[in-house]
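Chemist: From first to last, the protein sequence lines are chains C and V. Take 1 as the starting number for the first sequence in our numbering and just add one per residue. Take 1 as the starting number for the second sequence in our numbering and just add one per residue.
Each hint should be verified, as a subset may be incorrect.
Since the list gives no way to pick out one identical chain from another, each pair is judged satisfied if it fits inside one copy or across any two copies.
Simulated crosslink set (PhoX-like; lysine-lysine; CA at most 25 angstroms straight-line) [unchecked claim]:
#1 K145 <-> K274
#2 K271 <-> K63
#3 K274 <-> K32
#4 K271 <-> K145
#5 K84 <-> K113
#6 K335 <-> K32
#7 K212 <-> K63
Because the hints were derived from the structure by calculation, they are not lab data. Note that the structure is predicted; figures quoted are calculated from it, not measured.
Given next are the chains, with one letter for each unit.
There are 2 protein chains.
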Amino acid sequence: MMSNMNRQWRLTGRPVGEDFDSVMAFGEEPIKSPGDGEILVKNLHLSLDPANRAWMNEGDTYKAAIPLGGVMEGFTVGVVEESKHPGFSVGDTVSGFGHWEDYSVTNGEGWAKSPDLNKQAFGAHLGIYAIVGPTAYFGLLNICKPQPGETVVVTTAAGAVGSLVGQIAKTKGCRVIGITGSDEKCTWITEELGFDAAINYKTEDVPAALAKLCPDGIDCHFEQVGDSDILDAVLNLMNQNGRISMCGWISAYNLSELPAGPRALLNIIVKRIKMEGFIVFDFMDQMAQCYADLATWLDDGRLKYRVDVVDDLSNAVDALHTLYAGTNQGKLIVKVQDDPSLA
Amino acid sequence: MMSNMNRQWRLTGRPVGEDFDSVMAFGEEPIKSPGDGEILVKNLHLSLDPANRAWMNEGDTYKAAIPLGGVMEGFTVGVVEESKHPGFSVGDTVSGFGHWEDYSVTNGEGWAKSPDLNKQAFGAHLGIYAIVGPTAYFGLLNICKPQPGETVVVTTAAGAVGSLVGQIAKTKGCRVIGITGSDEKCTWITEELGFDAAINYKTEDVPAALAKLCPDGIDCHFEQVGDSDILDAVLNLMNQNGRISMCGWISAYNLSELPAGPRALLNIIVKRIKMEGFIVFDFMDQMAQCYADLATWLDDGRLKYRVDVVDDLSNAVDALHTLYAGTNQGKLIVKVQDDPSLA
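Next comes chain C alone, as it looks inside the complex (with noise of 0.2 angstroms):
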């Protein structure tokens, strides 16, 4: 039986660096009742990811600033509990751009059904579905086409996107350099991963250990982090031709003035570069071929993930801090409440 009521987290204000915890109430409404041509979802998973704090921010970024006072918004895995939608039933589980609640009435636009995964359950493997291996496989296989024998290095690379990345650029023949935060994580993408190499940026130097351990140049780049520092190394190393995917900035989220950019734009004409942005939401229309290969990588073992798995919709905020602060051990997720699929 369901509670009649609806946790929910709402935006009072914007943040300041990473004080979310000021500007996030917590608080509770009865659960709203779907009209013609809506649904209510249960809300089971809640994915944290990077751009959530962008989100809070005043300015528009690839989608509307979430407006004060509003539910707070992220990527949503649950299950349907009443339809008055012709493509959804009740049963079926459903991911989407949803809100930090217990329950949430949508049209639908911006949901979809699971796709159909090998037999592997949806939410049983956040880690990969929960948006992070999409944005891993649109962003190194569309923008950078990796080809074999090409090395390609990946920023926050023990990270839920960068970890992956790295992986599906094996399954394609790549030499693959990771940088992270400890060493821990260093081996961690070596000897659990399959990375060719990994660079601990907090206690190496980076430009160095770089040039070290990409004899051949670097041919594709994965960006999540925004550092000028290692940006400026990796044009210093680009080969002719080279492709940078633009997926995150992470660095700038939390400030409200931009730090100076990159010297090394230069080495993007001599050498040729394409340096490029993308949202994954762009590749929608190829996203079922992307869950079939990523089932298939998965059920083959060429592709493993950490995940960790916050209990309880009121510890969101909290565990938002860990992603910033780089203490999560895998993809972040909170479970909002029981899923009723997995037990």
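Using the hints, position chain V against chain C.
Modeler: Chain V in isolation, oriented as in the chain C frame:
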């Protein structure tokens, strides 16, 4: 009758800043004879281009650095005086990447016979044909792919390349905004060349002026300078799926240490921008179509240009200074020696 001496400019050191004078030596040696498979070219015109300065530096760019003691390099147009090469005949007008000298011996690599151009003499329209036209053509059309109604921004808009970029964008039905460095240049590009608007970056607030002149945002940007503040202004105004053609970075060619880059690269992700570098030689296989289009547009009045001809090879170094000072009035060409075909 030809003299038997060959005047040459040799690079004797690596210049610091704009002090080329102390590292360029003017001398002469006997004209060499072509061996089997070689031709002797009498150089008539020498094109001075911003990238020339970059080639003087120690590091290789998209081509090897000019060796110390070697003859200075540049795009030249000449006539074949002697041929032991099956592809060239005496009297052919040829162009290629040659040297700052009266006579060159070459095996023909990097050289081509002048294209057939609607009865236009190649050497008579070097303001278009001496690399600058193809650079503008490929950099705008192949990288930016401008669509009718889109807004295009061009830096160094009154320069040899920039002025053609804007005019080619107009042939594609775009709205074109040029950024340049004097009121006279602003007037020329708007009143004579048909740009929709111009900004004098020396007297105007570029971000404010761009925002006012681009009410629908910017779709395409053609970059030749590398000024971080202007790039930031452009990045902040770019529309979703905007394209930036990276053609030149003239601000850096004279510097030993590069300045900090643009802060606003995050826009590349948010707006899915593509920033891509190119070198005109990447498109050699499409050169015939390029020359044909340029000749057509020159014939029908859609392309206009100014050419600033400096008389005699001995004045080439002095002329190069005017390029960086921005005081040349149009495409800078050195008339190496008399051109019999134009007599």
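Chemist: Please go over all the hints and tell whether each is borne out by the structure.
Modeler: Here is how each hint holds up against the structure:
no. : hint          : in the structure
1   : K145 <-> K274 : both (11 angstroms within a copy, 15 angstroms between copies)
2   : K271 <-> K63  : between (33 angstroms within a copy, 10 angstroms between copies)
3   : K274 <-> K32  : neither (48 angstroms within a copy, 43 angstroms between copies)
4   : K271 <-> K145 : both (17 angstroms within a copy, 20 angstroms between copies)
5   : K84 <-> K113  : within (15 angstroms within a copy, 72 angstroms between copies)
6   : K335 <-> K32  : within (21 angstroms within a copy, 81 angstroms between copies)
7   : K212 <-> K63  : between (40 angstroms within a copy, 24 angstroms between copies)
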